[in-house]
Structures are given as structure tokens and as C-alpha cells.
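Assemble the whole structure, with the sequences as input and the hints as a guide.
2 protein chains.
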Amino acid sequence: MSVTFADIEAAAARIKGHAVETPLIESPALNDRLGLRVLIKPETLQRVGAFKFRGAYNRLVQLNADERKRGVVAFSSGNHAQGVALAAKLLGMPALIVMPSDAPAIKVANTRGYGAEIKLYDRLTENREAIAAAVSAERGAVVVPAFDDPHIIAGQGTVGLELMRQAEALGALPDVVIAPVGGGGLMAGTATAVKALSPRTAMVGVEPEAFDDTLRSLQAGERIVTKPTGRSLCDALESPAPGELTFPVLMKTIADIALVSDAEVAEAMRYAFSTLKLVVEPGGSVGLAALLAGKVKLFGGKTVGLVLSGGNVDPELFARVVRGEI
Amino acid sequence: MSVTFADIEAAAARIKGHAVETPLIESPALNDRLGLRVLIKPETLQRVGAFKFRGAYNRLVQLNADERKRGVVAFSSGNHAQGVALAAKLLGMPALIVMPSDAPAIKVANTRGYGAEIKLYDRLTENREAIAAAVSAERGAVVVPAFDDPHIIAGQGTVGLELMRQAEALGALPDVVIAPVGGGGLMAGTATAVKALSPRTAMVGVEPEAFDDTLRSLQAGERIVTKPTGRSLCDALESPAPGELTFPVLMKTIADIALVSDAEVAEAMRYAFSTLKLVVEPGGSVGLAALLAGKVKLFGGKTVGLVLSGGNVDPELFARVVRGEI
Chain S
1 MSVTFADIEA AAARIKGHAV ETPLIESPAL NDRLGLRVLI KPETLQRVGA FKFRGAYNRL
61 VQLNADERKR GVVAFSSGNH AQGVALAAKL LGMPALIVMP SDAPAIKVAN TRGYGAEIKL
121 YDRLTENREA IAAAVSAERG AVVVPAFDDP HIIAGQGTVG LELMRQAEAL GALPDVVIAP
181 VGGGGLMAGT ATAVKALSPR TAMVGVEPEA FDDTLRSLQA GERIVTKPTG RSLCDALESP
241 APGELTFPVL MKTIADIALV SDAEVAEAMR YAFSTLKLVV EPGGSVGLAA LLAGKVKLFG
301 GKTVGLVLSG GNVDPELFAR VVRGEI
Chain Z
1001 MSVTFADIEA AAARIKGHAV ETPLIESPAL NDRLGLRVLI KPETLQRVGA FKFRGAYNRL
1061 VQLNADERKR GVVAFSSGNH AQGVALAAKL LGMPALIVMP SDAPAIKVAN TRGYGAEIKL
1121 YDRLTENREA IAAAVSAERG AVVVPAFDDP HIIAGQGTVG LELMRQAEAL GALPDVVIAP
1181 VGGGGLMAGT ATAVKALSPR TAMVGVEPEA FDDTLRSLQA GERIVTKPTG RSLCDALESP
1241 APGELTFPVL MKTIADIALV SDAEVAEAMR YAFSTLKLVV EPGGSVGLAA LLAGKVKLFG
1301 GKTVGLVLSG GNVDPELFAR VVRGEI
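Quick note, the sequences are listed as chains S and Z, same order. Read the first sequence against this note's numbering and you will find it ends at 326, with the numbers running on by one and no gaps. Read the second sequence against this note's numbering and you will find it ends at 1326, with the numbers running on by one and no gaps.
Think of the hints as simulated: they come from the structure by calculation, not from any bench. Computed from a predicted structure; not experimentally measured. All the given hints hold, so there is nothing to weed out.
Some chain S residues close to chain Z (C-beta under 8 Å, calculated; not the full set): (1) VAL20; (2) PRO23; (3) ILE25; (4) PRO28; (5) LEU45; (6) ILE106; (7) LYS277; (8) LEU278; (9) VAL279; (10) GLY311; (11) PRO315; (12) GLU316; (13) PHE318; (14) ALA319; (15) VAL322; (16) ARG323.
With a straight-line cut-off of 30 Å between C-alpha atoms, the simulated DSS-like cross-links for lysine-lysine are: (17) Z:LYS1227 x Z:LYS1119; (18) S:LYS89 x Z:LYS1302; (19) Z:LYS1089 x S:LYS302; (20) Z:LYS1295 x Z:LYS1195; (21) Z:LYS1297 x Z:LYS1227; (22) S:LYS227 x S:LYS119; (23) Z:LYS1195 x Z:LYS1302; (24) S:LYS89 x S:LYS69; (25) S:LYS16 x Z:LYS1302; (26) S:LYS195 x S:LYS16; (27) S:LYS195 x S:LYS295; (28) S:LYS302 x Z:LYS1016.
Glycine included, each C-beta is placed from N, C-alpha and C at the ideal position.
Set out below in C-alpha cells:
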């Protein structure tokens, strides 16, 4: 059962007053540099520092009393973890989060700080879904996937809903909307909202070069699960495949996928630091990286919606990036 | 002739479409930590990365054709420099900026990047006003002071005007408004706007401990020019005295001045990085530093307007701060 525009509007009503309605901002400097009008949606300013709080809250608030007592279990590289942990805390239910042992320390610490229990796993040798399923069976906890869940997708879709409405309030209509693609939850939800309001707006996804699973899947016409051969700076976008629920939506809505290198990502983070004065994590900056590198197909458009999906980056890594060491 | 609310409204009309109307943002995390409702006005997101662009544009746009041909000269630690340089570029007039030789490299580079000519001086041994006056006499250029000018003060006052109107749109009324105090231009303008709209809102200024000239002046009832004995992390707030035009306004409107140490400033910058996901320069973060350190007299208030005045900080310094080396 696919996510509809009505689902996204319902999600918006549920998260109102809990998630932050992040402002739509413009940087004359960025506009001048690109010769475009870029409408920036900074989910870095969202609760837990990433858009993931939206989907997590939308999902958890719909759990009944019995489910809430049993609690939730989620697996996540870090932002969904924090989103679920905080939503669970706000709603008064226990949460166990299965996280890769090499997740950014800030994401692990924040998740713990919200009161969640954490189970670390080895990203390359263990299967996170299997671990979460085992925990769920053991405790009767509700599994909250990071993207393959209609309520999660609908929650993330509120990013697109807000972006379009805020753009309209400025008298602007995005020709293109750019968003990072990991498992595809943000893109699937955002595309659903955007296309409902403006079918001609093109959706452009961005992936790290080393994790181009969605591009390959779209080209093949079916989900391709890639075997991770290396790492990317973009810890948040290292899903080996687009989601089962998200992929059909991506197939229907995505006009193009751009790939960015770690070097381009670091450049974008530096630009965000020096010119936008925003702290953006690697995975959150891929859309900006693609724009700065001239890799985004604009289809003749001039007004671009750009989602900066999160800002949870370890100080050590951020320091190295701003100093140009990466 | 003192600056009036009408002057600030006129300034707002002049800068509209040129300066950015920075969003008013809230951080649930900050609100929870302090038990307050903090309405953040991030002038870090302003054009040139600091509120200074507002006053500079408001002043320069009012120059007549002959004055524009002769150009402008300004002296500044860096943010006013960038503001004047960019405004001059946009309005098509030459600009010479007199800057301390130890100004943050990013501020010097940006000023140069906007096409201004730069003259460096030694902060501790040379007199910047004298240098600027000499240049002005030589070229017939119009001197644009960093704060002691009614058009500059009115321009900066648009920060307060926007803050109050944006708060009203949220159904909120600040009990206290906090802003950094260097020469006092931002505070004088902002206080004029705030008090006109809400006389009972208390204005609280914040200075670095090492540059408490405004506090001492307010206590003495007259301008005290301090002799700089050391440095502060807050390069933007190292004026040795409040301005001649600004001081009477500060006397009338400031309810309290808080002083913050460099350590508290570094802590605030780290908090802005890790929790607000904002890049804030040392001088720009003093209000946040005072709040986090519990040094702000709130007069029983719960809703606080907080101006983050700028985000122009060298990557090297920022890296050291986020790593905890400072």
C-alpha cells in the first residue's frame, strides 16, 4: 500500500509542535555562484539534527498502548537511531537501537543520551535486520525500520510538503528538488509530496560514488543489492540497496541520480561552513556537493529546492574537513 | 539627532531584497536545557555572515551620485569591513577598508573578494580613525563608521524590528532580548526597535570580560575609553569604548550587561556546533555563552530573544574550538 499525499498531510498534523518546521533559507552568495535560485531546506536544524525525527515521531505516535508498553527496536547508522530514541523518550516508551560499531561517536552518544538502550554490531559481518528481528521476537518490541515503512516514509515526506509550501509563500516554484538518497525514505516521501503539488518539478537524487545502489537499481529496473566494497565519508548513506517500499516510488519519480566523491562532499561541507555558516554532515551535504560540482541535471530549471538532510558529524572529522585535511 | 523607530522602518524598506530576512529559529534542545523559550535570530545567516551588512547597505544606498563617485572608506575589525565592501560592490562604488593586521584571515580575504581596497594597521599602536580620516581627506571618500552613524544604527536596528515581528507571528513576546555589545551599534538600533514595540522587554547586552568598556561606562554614567590590556577570542567586540552616538541610547535602554570569559565563549561555539548546527564566531556567540553560563538576568522572564550576530571565524580557530583545544 503506497504512501499518498494525504498520508503526508496526516503525518504533518501529527508531528506539528513536536518536530521543528525548519525555515527555508536562501544564500545570495550561493545563488550568485551558481546562477540559480537555491531554496535551502536545512534539516540540520531539525530535532536530533536530522530529518529522521519526522518519520520516527509519525510512526511511534501511532502505536497503541500495548505496543508502547512493549517498546520499539530500530536499526540505524545513527540519525534514525536518534530520531527513534528521542521520539520514544517523548512518548514514554522503551527503545533499543541496533547501531554499527563504527557509527559516529556523536550519534551513539546522543542516542544513549535520549535514554535508548544500544546494541552495537559489526557493519561488514553482521546482519542488522536479523539482529533487530531477534530482539523483537525476544521482547515483543515493534520494529521500526529506517525507511521501509509507510509511516516513516510519510513522515519524511513532510520535508517536501513544507518545502513546497514555504517556496509558494515566497512566490517561488522549484523546477528541481534535490535530496540525498540512502535507503530512499526521504526521497520517496519528499517526491510524493512534491509531485502531488507540482508534477513537473524534477526530483534529483544524490548518492556517494561508492554507494550507487539506487542509480544501478533504477538503471536495471529492479532493486540491486550491492556488496559494500569500501566506505564513504557519508556514513548516513551506506545502505547497500534502496528499500523495498521506497524503490517503486523512486522508479516512478526520480528524474536523475548524481554521484559525488568524498572529495566533493568535503568541499561542500567546507562551503557550508564558510559561506552558509551551517554545520552539515557528509551524507547531508551530497546535494550541495553535486550542485557545486556541476553534476545536477537541472532540465533548464533555475529554481532549485535543496535538502540538507542532517548535521550530525563528529567534531574531530569536522575539524579535519574545515582545515582541508580531508 | 537620535535614531527613531521610523528611521529603522525606513532602513528596513531600503535593505529589503538586498539583506536577507534571517529566520527566527527555535531549538527544543536549548529550550529544554535552559527551561526557557529562546527565539534565536541568527545573523550568521545574513549576507556577509554578519548583521553588519544591514547598516552598511542602509548607509551606502543613501549616498548621492557625487558621493558614490568619490567612494567610501571604513575602518573595521572585519564584519563591518565585509558589509561595506559588499554593499559598495552592489551599489557600484569604490571602497577602501582600514583593517587591523591581525583580523581573521577569512574577514580580510572576503573583504578583498568583494573588490574593496584594504589598508592594514597595527591595532595596538595605530589609530584607525586617524588613518581613515586621512584617506578620506586625500580622496574625498565618505567615511562610514562601524557604529557611530545614525544610518548605520538604524540599519542594525532592523534586526530588532524583524525579531519582534517574527516573534509576534509565532504568538510570542520576548521578555528579554540579548545581544552582543562592541561599539553598541547593534544594541542601540535593536533596543530602539524593541522598546518602541514593547517597552517592558528588557535589553541585556553581553561583552567579553576583557572588554567591559560598556559595562564600566554605564556604571559611571559616561563613556569610558579603556586601554586594551590584552586580547579576547571575540575579535569583533574589541572596541575600547562604546560609541558617542550609541552610548546615550545604551544608557536609556540597557537593563543589564553580562560578561563572559573566553572559555565560556568557546563552550558556546561548541554548543552551537554540536546542538544548533550553526557556525557562530566568538563575538557572535557571547549572548549564547552568557545564557549557558547562567549569567543573564532574566527579570523573571521566560521568553528570550537571542541575537547570534555573526559567523565569520577562521577554519583553524573553529577546528581548535570544536576539538576542545580552546
